[in-house]
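The residues making up each chain are set out below.
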Amino acid sequence: MTVRTFGSHAHPETGLERTSRIAASVGLLPILLVLMVAFMAVFEQKFFGVNNLFNVLRSTSFLAIIAAGQMLVLIVGGFDLSVGAVIALTSTVMAKTMAVLSASMPDQTAAIITLGVLAGLGCGVAIGLINGLCVAFLRISPFMVTLGTLSIATGVGLLLTNGIPVYGMPDVFVKGFGRALWFGLPATVYVAVALIAVVWFIQARTKLGRYIYAIGGNLQAATVSGVPATGYLVLTYVMCSVLASITGIMMTARLGSGQATMGGNVMMLQSIAAAVIAGVSLRGGIGRGEMVALGALFLSILTNAMNLLRIDSKMQLVVLGVIVVLAVALDELGKRRQIRD
Amino acid sequence: MTDAARSPAEVTRFFHRAMLIQAILPIALVLMVLGFTIFEPRVLSPQNLLNITIQASYLVIFATAQMIVILTRGFDLSLGNTVSAVSVTSALVMTGMAGAEGESVGSAIFLGILMGIAVGAGIGLFNGFAVAWLRVNPFVATLGSFNIALGIATMASDGRPVFNVPDEFSTLVYSGTIAGIQMPIILAAAVLVFIYFVLNYTVFGRSLYILGGNPRAATVAGLPSRRYLMMAYVLCSLIAVIGALMLTGRTGSGEPNLGGNLTLESIAAAVIGGVSLRGGLGGVQSCILGALFITALSNGMNLTRVDGYVQMIVLGCVIILAIFLDRLRTTRA
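Residue numbers (the working numbering), protein chains in the order written: chain A, 1 to 341; chain B, 1 to 333.
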């Protein structure tokens, strides 16, 4: 029997460790959120303006969806550096498809939108399949595979558009979805809540969710106990890319044009930051969708608050960096203390 | 391997195959250059080969820096922005000092270099402290310093290039020659020799391989793991400082977005050359090979006038392909 080891870190977690860890991660984030909102209530009332809150909700929705996808990949012990590039590719392909179709059959608005959205989602599926197949079957390091697809997807997006924004999407799509309010809230919020609920349901109630945890916790044990790991790995990467694709569709609808510079490395890094702040372990096996949504909310409010307080955008980067490292360090210290007790 | 008993013929075949796989990348490099030559004869001209070598000297320095932390199962996402921060701060000191009265250009350059080293060491210490003592995952720790270094670079320069870096500095690190050899090549060679020595002949260097290959064994063996891990991150940043100063000399100004894609490029170069992201595997020769490969690829595509966007797609495919070959190499050999 050839024995493969998957890193010395990958020890099976005991029930106690898991409970205390989740308790610790649930504890910190909501408290910080409340403190931050309270701080804004005292120092900057503009935060509570309806338009500002809508902006925060919109950016939270975008970030929460990609971060949830990123989380799934992190749970199986991987990485997805290509999410930002998938957003850009989706945006350009969808806008281009809609623009071309609008020119050839201007009356069929419903068909134009459906086909455009499907083309966009197709990009997500394609990139996700490349990532998943390379990781699961060729066993290439996820970091390098997704670095490769990051370059490929960005290149294709730029090649299609020459870096120029693509206009010509149907008005209904932009005004009726991207910039619309449904029952008094931005439409994107409903989509995000629904998707986070789906991710929660998958994680908490389905075999797929349990298998994803099992693969990330201990791939070898999972395979030995009969989990078809390769198939589920591919599926996880596809889910991540499709979620990124959906974000790309919503961002494009909001902006009203397809852009090859949308998303990018900033979105990718933020999605990882949001997941990690929410207690997702980069060693795999740990993470919950609803917490990641909170992490996204935290990052969005923090950014918005710093904007309102007129903190220099360059200084904001420094603050963000320090907070991400601190959050993870605190988490790590808390975990070690619990293990010692 | 499952069966300890192999017939001699099997063993020979096994080693032949292993050697063939080891040689894949150098062969691919040669084939690629020859392939480009068919379309554009200038690729193989002495002038262009010198060009490739000079261009590769920058990348090989950053790949070597990256390799040191990859050996310990880490990586440094902040490398690119460290380069920007060093470039801007050292350029600011040099231009500020050179303008002041009664200051010689020499001391301005000296202080500028010191400033760069200080900034690099600071970022390296931050990374090392977070990874080794706070036990933060290297990805997150260096993601944090990625933002911090970018903040420093743009804040110090207000987002604009810092012009008027003394010409003497550019001569020192870029356009000058010693015995007819260009400075970038000499500096890169010096870094490579130094790191080769550190990795192969010092306790610290050998320990890096153990730290990455088997961290538990390193602790059990009584190695000062935390101190060495911290030193690895500081060394990585300090080597990046050398590359940053060289790039600053080349552009003749401090650029707040000089680092741009260097992080990902340096990781790609190191890993394509054979440094394993699982730690404990790789050496200076891997970085040379990887850097030459990427530089020759983009040089060839430039000379044969491949569209810049298509180049990105090709680079992505090549990264995936090269890593796949590398996996064959590490598992079979």
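Think of the hints as simulated: they come from the structure by calculation, not from any bench.
The model shown is predicted, which means the values in this text are computed figures rather than measured ones.
One or more hints might be untrue.
To be verified - Which bits of chain A does chain B cover? Going by a derived footprint, with three or more residues having C-beta under 8 Å, they are: (1) 140-146; (2) 246-254; (3) 268-276; (4) 307-318.
Positions of the beta carbon are idealized from the N, C-alpha and C atoms, including for glycine.
Now the hints, each set against the structure:
Counting residues of the region 140-146 of chain A whose CB lies closer than 8 Å to any CB of chain B gives 5, which reaches the minimum of 3, so the coverage claim holds. Check on the region 246-254 of chain A: 0 of its residues sit with their Cβ under 8 Å from a Cβ of chain B, so the three-residue criterion for coverage is violated. For the region 268-276 of chain A, the stated coverage by chain B holds: 4 residues have a C-beta nearer than 8 Å to a C-beta of that chain, and at least 3 were required. A count of 6 residues in the region 307-318 of chain A with a Cβ less than 8 Å from any Cβ of chain B is obtained; the coverage claim is therefore met, three being the minimum.
Hint violations for this structure: number 2 only, all remaining hints satisfied.
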